[in-house]
Amino acid sequence: MVAPLLEVKNLRKYFPFKKGFLTREKIYVKAVDGVSFSIFRGKSFGLVGESGSGKTTVARVILRLIEPTEGEVFFDGKNLFEVSEDEVEVMRREMQIIFQDPHSSLNPRKTVFKSVAEPLIIHEKLKGQKLRERVEELLETVGLKQEHMFRYPHELSGGQKQRVGIARALSLNPKLLILDEPTSALDVSVQAQLLNFLESLQKKLNLTYLFISHNLAVIRYTCDWVGVMYLGKIVEMGNTEAVFSSPKHPYTQALISAVPVPEAEPSEMMILLEGDIPSATNIPSGCRFHTRCPVKIGSICEEKEPSPFRFSDGREVSCHLFH
Amino acid sequence: MRPVLEIHDLRVEFDTFEGVAHVLDGVHLTLGKRETLGLVGETGCGKSITAKAILRLLPIPPARILSGKILFNGVDLLKISDEEMKKIRGRDIAMVFQDPMTFLNPVFTIEEQLVDVLMAHSDREVSQKRMDREKAKKKAIELLREVKIPQPELRIKSYPYEFSGGMRQRVLIAMALSSSPQILIADEPTTALDVTIQAQILKLLKDLVDQHGHSVLLISHDLGVVAKLCKRISVMYAGNIVEDCSTPQLFRNPLHPYTRGLLGSILTFKEKKQEAQGILGTLPNLISPPSGCRFHPRCGEAMKVCEREKPPMIKIEGGHWVSCHLFRHPFSQKERVD
Amino acid sequence: MAFENSISLIWKKFRTERESQLRELSRTFYTLLHSPLSMIGLILVTLFLGVALIGPWMITYPEDIKGAVHIDQKLKPPSRSHPFGTDEVGRDIYSRVIMGTRLSLQIGLIIIFVAMGIGVPLGIIAGYSGGWINQVIMRVTDIFLSVPGLLLALAIVGALGPGIKNAMIALSIVWWPGYVRLVQAKTLALKEESFIEAARSIGASKLRIIFNHILPNCTSPIIVKASMDMGMAILFAANLGFIGVGAQPPMPEWGAMISTGRNYLPDFWWMATFPGLAILITVLGFNLLGDGLRDILDPQSRGQIR
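Residue numbers (my numbering), protein chains in the order written: chain A, 1 to 323; chain B, 1001 to 1338; chain C, 2001 to 2306.
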């Protein structure tokens, strides 16, 4: 049995949220409230969810850009939260992140060259000709030309900026790439190109991907395995094709039916959820989805939190309908 | 029946540091009564500028309207006075924008803002008196009820920041529809919203439009959203309308190479995964756009004439128009008058 | 031949690497050219700097700068030999005003640089560290900012004693809090940007992030503030000189000259008028230039036509 490259166990992240200067009670924003999943080498795992689902926070905790409240993350067998500061530095090189907004993920005052070269300067202390060659190589890998090297970010298109971000992330030869909404800010025609490119890159370099997105089509297109998040928990997890073609959790079903499909005669059928997404400071008791669930069974949904039920094909669903 | 909105050959320029950008290059658009039209295109194609031009909201320098007509029930909006435009803007033609937070004043309650709008638009008929405040307050609550905001009598006293994104968008829709406009222009109304909230808002819009019979111009880059709400679609590229047809025609029989490229870029969601292709090349520089057909440098089927001449709008069949030399046939059907 | 080749190679390399920066510079100038007020500001400031630089070669009576006394020439109105007239001890006002330019430039630069030297690092530290460090620094800054500048300067000079050196110390103390505020606010905003997160994720140290990422992005607002501050600093120094606690006679400082000249108004108007005009032109120039720079360097006005 091969061990997964990344294993997340019971991850929690609570942000303190003081309501007033004089109130005693401490309110927490429970951004991530018990998340567990694994990703195997060379595979793509997608975390999908709407605002408040906690998916972005999960990514940042894995990279230790934010410290966790509870839980464990194992990377290549090592517990990320128990290693020393030095070892964290080493781990940092093996995990990289591509950000959502290409327009602000590059320092506007740095040329493309300087941005891509920075990790090499910090970690490998490269200089001069050697540095230049490595940067040229990386830019070629992402399909950018020499002429782009000394441009400033505002002179590049969104797709090009995103590629610079990828080049920068690849410079240290990471094993895991976390992609936080990599195509949200891009046009449809550019999106497909970038995703195809990411797929070929993955095969070429045997990369492992953690995709984070609210766009179900993107996740379905790119990931082998998917986790659907709602208010800090994974409500359904499994093989992407299986989950999308026959979703079991009511939230997943509503989510999928809500996606407007570009087709000649779109179906009128939509599972409409009532009301808004609850605030993460005031998470509903029991099953956190019960306030909007169209197939709520009864009081058990209000009182008890469902635990994940495992199917034989690896699917996991957290819902009282399944026991 | 005469269309409620007709745009003929609209040309707009913008002064920028690098030169003059030719953002709209002869836009043709028709919106019929009770019709829902989707204006689809990618960033920079000029769809938002078209919408702003209709409402005369373009900042006149640096923008310049070179030529063209925008006929609202036969009246050219580009020729009427500012006073007359004010009567139309917001009342007969209303607009809903993308980001509801920046379009609601954060220091006033929802009630104050709705009442303001209602009272301002109430004296549209010469005979009608300006609505009084009490009446406006009652109508405002009714409006909120119509857009399905729960407990409207209570929520109306809230400030915009107390509402979620979806609720704010409902308020904007309520404001826009308060004066029973003939045309509702919605510019990316659901782009900033979560998927499940987007579904709610789209259903709301559909129900309201079905009920009241507004004509809708929906602007979006998302073909799925447009397909859900609109019966007709106009595809825009670099300041030109390249294809104009019904929704089923667009998906079953896309003609323009750009449209086909766009459809090919969509990640299929319903069926099993199919490879999506992008469109090669980049958006053209509007300051020195390509000669002839603006899409020709990226078009796999470009011919010599495409570089020389801009193709006219050609009628194909049953309300399907396309602007492409591939469809110019010696025995072609009637070409639209340019 | 080889030499020429290598020169052209170096130039080519410089060109490709700096192409974008050169384009930025030309764009800045182009935008400046299109705003008449900014152009006026630029011309006035250039005039100021020019006079300050070549001052010693422009003056006609070098000995009048400091201590010379020509009682027989006193209080002469503007004439060919004395374009700005003479003062109460017969010194040529033209020469003194010209040299006063150089003096004002020195005063302004010293104040601004000391203020930046204290204010900018404090601002970045406050903004980036957050927490109690931020609170402490900002509250101390607030205390300084709560006292009107000139009063505070007067109080400090009162304590230290009159003189141009003490005046500059006092004004530097008045000026540094403004920079802290500006830089702290900008740092706070920058901290949330994705590229700072990206820098952390690639393993950049705190120091590297501050110097390499945050500081370069602060330069625009700092430049704008500094150019407007130059004018104001010179004005404040003149104020102190006018009151009598700044530059002391016989230094050819404009404020001090107006102070003496005030007693001879209105009959011998030229003594106060010409130094006054010099202050007016200088401060106006820097203000207009600062305004113009702010319009250019403000990221909102970049590029997008949508």
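Quick caveat, the hints were computed from the structure, so don't treat them as lab data. Watch out, some of these pointers could steer you wrong.
Said to hold, decoys possible - Computed footprint of chain A on chain B, listed as stretches where at least three residues anywhere in the stretch have a Cβ under 8 Å from a Cβ of chain A:
#, stretch
1, 1021–1028
2, 1111–1121
3, 1198–1205
4, 1243–1256
Unchecked claim - Below, computed lysine-lysine pairings styled on PhoX-like, alpha-carbon distance capped at 20 Å:
#, chain 1, residue 1, chain 2, residue 2
5, B, Lys1157, B, Lys1135
6, A, Lys127, C, Lys2013
7, A, Lys43, A, Lys175
8, A, Lys110, C, Lys2165
9, C, Lys2013, A, Lys114
10, C, Lys2206, A, Lys114
11, A, Lys110, C, Lys2074
12, A, Lys145, C, Lys2013
13, B, Lys1052, B, Lys1069
14, C, Lys2191, A, Lys125
15, B, Lys1157, B, Lys1137
16, C, Lys2066, A, Lys110
As the list claims (entries may be wrong) - Only some residues are given here: those of chain B computed to face chain A with a beta carbon under 8 Å:
#, residue
17, Glu1042
18, Tyr1161
19, Glu1162
20, Ser1164
21, Gly1166
22, Met1167
23, Val1195
24, Val1209
25, Gly1261
26, Leu1262
27, Ser1265
28, Leu1267
The beta-carbon is built from N, C-alpha and C at its ideal position, and this holds for glycine as well.
Comparing the hints with the structure gives:
1. With 0 residues having a beta carbon nearer than 8 Å to a beta carbon of chain A, the stretch 1021–1028 of chain B misses the requirement of three or more and the stated coverage is violated.
2. Counting residues of the stretch 1111–1121 of chain B whose beta carbon lies closer than 8 Å to any beta carbon of chain A gives 0, which falls below the threshold of three, so the coverage claim is violated.
3. Using a Cβ-Cβ cut-off of 8 Å, 5 residues of the stretch 1198–1205 of chain B lie near chain A, which meets the minimum of three, so the contact claim holds.
4. With 5 residues having a Cβ less than 8 Å from any Cβ of chain A, the stretch 1243–1256 of chain B passes the three-residue criterion, so the hint holds.
5. Note on Lys1157(B) and Lys1135(B): the hinted pairing holds, with a Cα-Cα distance of about 16 Å set against a maximum of 20 Å.
6. Annotation: proposed proximity of Lys127(A) to Lys2013(C) holds, straight-line Cα distance about 17 Å (limit 20 Å).
7. With a CA separation close to 11 Å, the supplied pair Lys43(A) and Lys175(A) stays within the 20 Å bound.
8. For the suggested pair Lys110(A) and Lys2165(C), the alpha carbons sit about 40 Å apart, so the restraint of at most 20 Å is broken.
9. The hinted pair formed by Lys2013(C) and Lys114(A) meets the criterion: a straight-line CA distance of about 16 Å does not exceed 20 Å.
10. Note on Lys2206(C) and Lys114(A): the hinted pairing holds, with a Cα-Cα distance of about 18 Å set against a maximum of 20 Å.
11. For the proposed pair Lys110(A) and Lys2074(C), the alpha carbon gap of about 61 Å is over 20 Å, so the pair is violated.
12. For the hint linking Lys145(A) to Lys2013(C), the alpha-carbon distance of about 16 Å falls within 20 Å, and the restraint holds.
13. Between Lys1052(B) and Lys1069(B) the CA atoms are separated by roughly 14 Å; this keeps the pair inside 20 Å, and the hint holds.
14. Distance check on the hinted pair: Lys2191(C) and Lys125(A) sit about 26 Å apart at the alpha-carbon level, beyond 20 Å; violated.
15. A hinted pair counts as satisfied when its Cα atoms are at most 20 Å apart, and Lys1157(B) with Lys1137(B) qualifies at roughly 11 Å.
16. Between Lys2066(C) and Lys110(A) the CA atoms are separated by roughly 50 Å; this puts the pair beyond 20 Å, and the hint is violated.
17. About 4 Å separates the beta-carbon of Glu1042(B) from the nearest beta-carbon of chain A, less than 8 Å, and the hint is met.
18. The interface hint given for Tyr1161(B) is broken, as the beta carbon of that residue sits about 13 Å from the closest beta carbon of chain A, more than 8 Å.
19. Evaluation of the Glu1162(B) hint against chain A yields a violated restraint, the C-beta minimum of about 11 Å exceeding 8 Å.
20. This hint holds: Ser1164(B) has a C-beta 5 Å from the nearest C-beta of chain A, less than the 8 Å allowed.
21. For Gly1166(B), the interface hint holds, the least distance from its beta-carbon to any beta-carbon of chain A being 6 Å, beneath 8 Å.
22. Because the closest C-beta pair between Met1167(B) and chain A is about 7 Å apart, less than 8 Å, the hint holds.
23. A distance limit of 8 Å between C-beta atoms decides the matter here; for Val1195(B) the minimum to chain A is near 5 Å, and the interface restraint holds.
24. A distance limit of 8 Å between C-beta atoms decides the matter here; for Val1209(B) the minimum to chain A is near 14 Å, and the interface restraint is violated.
25. Because the closest C-beta pair between Gly1261(B) and chain A is about 7 Å apart, less than 8 Å, the hint holds.
26. Because the smallest distance between the Cβ of Leu1262(B) and any Cβ of chain A comes to about 6 Å, under 8 Å, the interface hint for this residue holds.
27. Given the 8 Å rule on beta carbons, the hint for Ser1265(B) holds: about 4 Å separates it from the nearest Cβ of chain A.
28. With a least beta-carbon distance of about 4 Å to chain A, the hint placing Leu1267(B) at the interface is held under the 8 Å criterion.
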